[in-house]
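Colleague: Residues per chain are reported as follows:
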Amino acid sequence: DAGVTQSPTHLIKTRGQHVTLRCSPISGHKSVSWYQQVLGQGPQFIFQYYEKEERGRGNFPDRFSARQFPNYSSELNVNALLLGDSALYLCASSWDGQLLLSSGANVLTFGAGSRLTVL
Amino acid sequence: AQSVTQPDIHITVSEGASLELRCNYSYGATPYLFWYVQSPGQGLQLLLKYFSGDTLVQGIKGFEAEFKRSQSSFNLRKPSVHWSDAAEYFCAVGHANTGNQFYFGTGTSLTVIP
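Chains A and B supply the protein sequences, listed in that same order. Going by this note's numbering, the first residue of the first sequence is number 1, and it counts up by one from there. Going by this note's numbering, the first residue of the second sequence is number 1, and it counts up by one from there.
None of these hints come from the bench; they were simulated from the model. This structure is a prediction, so every number in the text was calculated from the model and none was measured. Glycine is no exception: its CB is placed at the ideal position from the N, C-alpha and C atoms. Some clues are possibly wrong.
What the hints assert, rightly or not - Lysine to any residue pairs mimicking SDA-like chemistry, simulated, CA-CA at most 25 Å apart:
#1 Lys61/B / Val107/A
#2 Lys52/A / Gly53/B
#3 Lys30/A / Lys61/B
#4 Lys30/A / Ala80/A
Said to hold, decoys possible - Label-pair restraints from in silico Cβ distances:
#5 Arg67/A / Arg69/B: 35 to 41 Å
#6 Thr14/A / Thr12/B: 35 to 41 Å
#7 Ile9/B / Asp62/A: 31 to 37 Å
Based on the provided sequences and hints, a complete structural model is requested.
Modeller: In structure tokens form, the structure reads like this:
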């Protein structure tokens with residue numbers, strides 16, 4: 001069973017450019033979340049989507065946007081790239097949008113990430 | 001405000017020695033707690049989780065963690081470390097009301113020496 005897949009794995013952009021990162025969740029998972037992990041830091045929450053609707057948004061500027069498609073895959077878009085956007089972007093999927101109380105079934109499964117370097 | 005503190009940036013242990021990684025959290029409600037492990041160039045793998053019930057939880061790869069509400073802690077332990085355990089370890093908190101918005105600590109890097 002395939003896990004969470006992300007593409008591209010690595011990419012290099014220059015300041016001011018735009019980038020699109022893609023994520024395919026585990027089959028059957030309906031929720032996708034995006035996290036940014038700057039080198040030496042823990043992941044920071046960017047977005048959560050469930051059934052194509054935004055369920056949550058972290059403290060990121062409007063240059064960051066995302067969407068979820070009918071097949072539950074997702075795209076993260078970042079406009080007007082800054083040097084500080086260089087990071088590992090992690091996608092995570094879960095069955096539902098909410099953690100189920102006392103449930104071990106609905107936890108986040110992360111992909112390997114997309115490493116973005118902005119020059 | 002919600003926060004997670006992992007006070008140890010880097011820990012070095014000998015293979016076969018015991019391990020304890022510390023995690024303290026600040027949260028307005030009883031949180032859901034997680035430990036993830038990240039190997040170089042990889043994503044995050046879930047080691048264990050606490051939602052409710054027994055405060056001592058068992059995870060994969062021989063890891064366990066204990067939730068102590070009075071200390072707002074969720075420390076990770078392993079009785080005997082293997083060289084393959086060398087990685088970055090992240091503690092995270094979440095809550096049923098915040099969906100998949102987890103708060104992560106800054107991580108503890110584990111080095112295992114033979």
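Colleague: If a hint holds in the structure, say so; if it doesn't, say that too.
Modeller: Now the hints, each set against the structure:
1. Lys61/B / Val107/A: Judged against 25 Å, a Cα distance of about 18 Å means the pair holds.
2. Lys52/A / Gly53/B: violated, 33 Å
3. Lys30/A / Lys61/B: With Cα atoms ~28 Å apart, Lys30/A and Lys61/B exceed 25 Å; violated.
4. Lys30/A / Ala80/A: violated, 30 Å
5. Arg67/A / Arg69/B: 35 to 41 Å: Since the Cβ atoms of Arg67/A and Arg69/B sit about 39 Å apart, the hinted range of 35 to 41 Å holds.
6. Thr14/A / Thr12/B: 35 to 41 Å: 39 Å Cβ-Cβ, so the 35 to 41 Å window holds.
7. Ile9/B / Asp62/A: 31 to 37 Å: With Cβ atoms ~33 Å apart, the hint holds.
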